[in-house]
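Chain by chain, the residues run as shown.
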Amino acid sequence: MTRTSMGKGLGGSPKVDGSLKAEGSSKAEGSSKAEGSSKADGSPAGGFRQAMSWLHTWVGLTLGWVLFFIFLTGTVGYFDTEIDRWMQPELPQAQTGLNSTDTAEVLLDRLRVEAPGADRWFLTLPAGRHQPYPGIFWQGASTKAGASAASGELQVNGNTGEPFSARDTGGGQLLYQMHWRLHYLSRTQADIIVGFATMFMLVALITGIIIHKKIFRDLFTFRPGKGQRSWLDAHNVLSVVALPFHLMITYSGLIFMGFSYMPLIVAAHYGVDDEARQQFISEVFDPPGLVDSAREPAPLVPLGHLIAAAEDRWGENRVRSIDIRHPGDSNARIIFYENIERRVASGGERLIFDGVSGELLHQVPPATSAAKGARDLFVGLHEGLFAPPVLRWLFFFSGLLGSGMIATGLVLWAVKRRQRMEKKHRLPHLGLRLVEKLNVGTVVGLPIGIAAYFWANRLLPVASVGRADWEVHLMFLAWLMVLIHAACRPNHRAWVEQLAIAGLAFGLLPLLNLLTTDRGLWHSLVANDWVFVGFDLTVLIVGLMLGWTAWRVWQKRSLIDTGEISIKQGRSAQELPGGQS
Amino acid sequence: MGLTGSRLASLVAAALVGGYALATAVGIFLGGILPMPRGEAALVGNLLSFAVYAGAVIWTFVVRRPVKVWLGLMIPACALVTGGLLLTGRAG
Amino acid sequence: MVSMLSSLTEWVLGFGGMGSLCLSMKSHAMKSHARQIGNLNYRIWRPGQKWMGWSLLALSIAIVVSARGWGPGLVSFFGMLSAVTLLVIALITYRPRWLVPASLACVAVGPILTGFYVLF
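Protein chains in written order, with our numbering: chain V, 113 to 693; chain W, 16 to 107; chain D, 28 to 147.
Simulated from the structure, these hints should not be mistaken for laboratory data.
One or more hints might be untrue.
Unchecked claim - Below, simulated BS3-like cross-link-like pairs (lysine-lysine); rule was C-alpha separation at most 25 Å, straight line:
#1 V/K326 <-> V/K536
#2 V/K535 <-> D/K53
#3 V/K326 <-> D/K53
#4 V/K535 <-> V/K668
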């Protein structure tokens, strides 16, 4: 049944490469027919595939820009901690490897000063890449008793016990948070937009698999320099090469936010109020043995031998954090969390101690039930917190492939229609021009915005008020300016100019870092400071690649504008870059 | 594909709202009947509901007939919610 | 060091495997070198490359799972697979003649590395 509909769609395009013509794209064929006429219900199989193609096209177009934002900011988020550290150059290198017992003592002293009378003290130990510095967090402290705030968090220098002071910034965390919080929107608005976008990402992936008939046979096929077909090849390659990642990241994203997106499932069985929801959360997620405060003071047990017990079990420096509930109460409980680098599923083992006697009450395995285990697995895969450096790069790289998949899909939509217009000697209609401008303004504009965020971090005065907010404002202002630029310039010029700007914006960041801090590339290399070296080199390479793409697009206007011309030039332009992403 | 105007709007609404209703209903049903503590059962329902949603959206645009789609999504949704709550005795 | 060796083995086997699978397809095989593969030879070439490809990939999974455990192992395998597949596509597109030697080298070296990994 796949053979019967083959070949027809190729009628319009010249057969440039004889040996490959049989592998012509089924997708272009399907969708061009699907949009052409209303007689779509010819043969059952064809009708089904056309319906899928139609759905894929329009879901992709309407949500593509939002999804590109989600994918790219989420991808950058795989290096959230590293970006945090680059954006606070005042902080020293990571303090991992400090003695856990001493560090916990230091943190506890700090909590006694900052948060007396608190309901909960939380100690973060410098256990690895995602927790480079010791930190504290507290809830329900009493300001009357001298607490600096009812709840708060601080990063603390593990050697001196003093809080770190560094420039105010949202850092990599904020950049990563954007991919589900959309920054300026309320939580509810963001949930609705991101939830539906992710849901339809899943629909787009499934329909894409259905309409792409020969996933394996076409897997290695990329034909550059052939206009629309090259874009389709690039879209297919980027989609299929990392298909397991795309499916995983999409479904796990839904599950991650599942209770917010599908609140009624829990509500139906527990009730609709907050208390009912809390009941569900504690039944499924909380470790056993937690109790309410007894309101009777009792001294907190020293942490030393509890830490020793935990490290006996888990290994040295493998306590990730210590969660003290009701410190100073006779019902105090202390939860130790195991570090998470050894398994994919999020969350390690937990040990629960009596906070007064120091008796071990419970050992809680990472997954208390199969259902929670499944959820933890998806969440762990999504976050990739377990991933050591090489694997972390592969996550990042897969995320870029996903962003590229969305970008090439969007460009393909526009290139295909422009080609059709030009064949009929018609001017592109308003919708097409709008899509073209949004494409360049998003696919290149968002990276420019991200670069602007980094520039703002270095250029805004360290002491200025609200500088963290302004870093983000400047990111979105830069993006807005890029969109305006795209609206004013011809399509091809817009791509070239913006790619060049993006290339400069990223490529010059190491220079900016050298001029505005004392932690330039050379210094970082000498000091073995691989986070700074990694950041500087990465943005340099990204900048060079964007610049190179700008140069190639400038040479070959056909790459973006017209499939027609590019097919004629196809033979002489065998080594064109196809999927810029 | 000849989908325009009110017919298209109705189908999109069916995919968004009807699909959501069916996905939630399946989740509630599973939360009610699975032989495990209710919290876990509700969690399983939650994990699987998104697959149902995706399936419902795709089915909507395969069928492409608004009346049939709306009925096909909403009748099972109502039945599943009722069934799931009745079987666990939490209907009222 | 074992983890270095296991990663290297995983990647070499993965590249050899995907390269072989790519070359098992006639159009890619023709493009890459072998205009000398006639129809007759192709009948032998194709299943040979296919078997070779799938075997190397299976071996690669075995290595990475034994080195890292199922969870991180499979995640690592799929990540590696995306990267080497893209590399194979880049080669067959822009440097088709390099693919055969590169792939064959990995096919040859992969099992040797596997041997080292098993022994040490």
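Hint check results:
1. Taking the CA atoms of V/K326 and V/K536, the gap is near 31 Å; set against the 25 Å cutoff, the hint is violated.
2. The straight-line distance between the Cα atoms of V/K535 and D/K53 is roughly 34 Å, outside the 25 Å bound, and the hint therefore fails.
3. For the given pair, V/K326 sits about 15 Å from D/K53 by alpha-carbon distance, which is consistent with the 25 Å threshold.
4. Distance restraint check for V/K535 and V/K668: the Cα-Cα separation of roughly 20 Å lies within the 25 Å cut-off, and the hinted pair is therefore satisfied.
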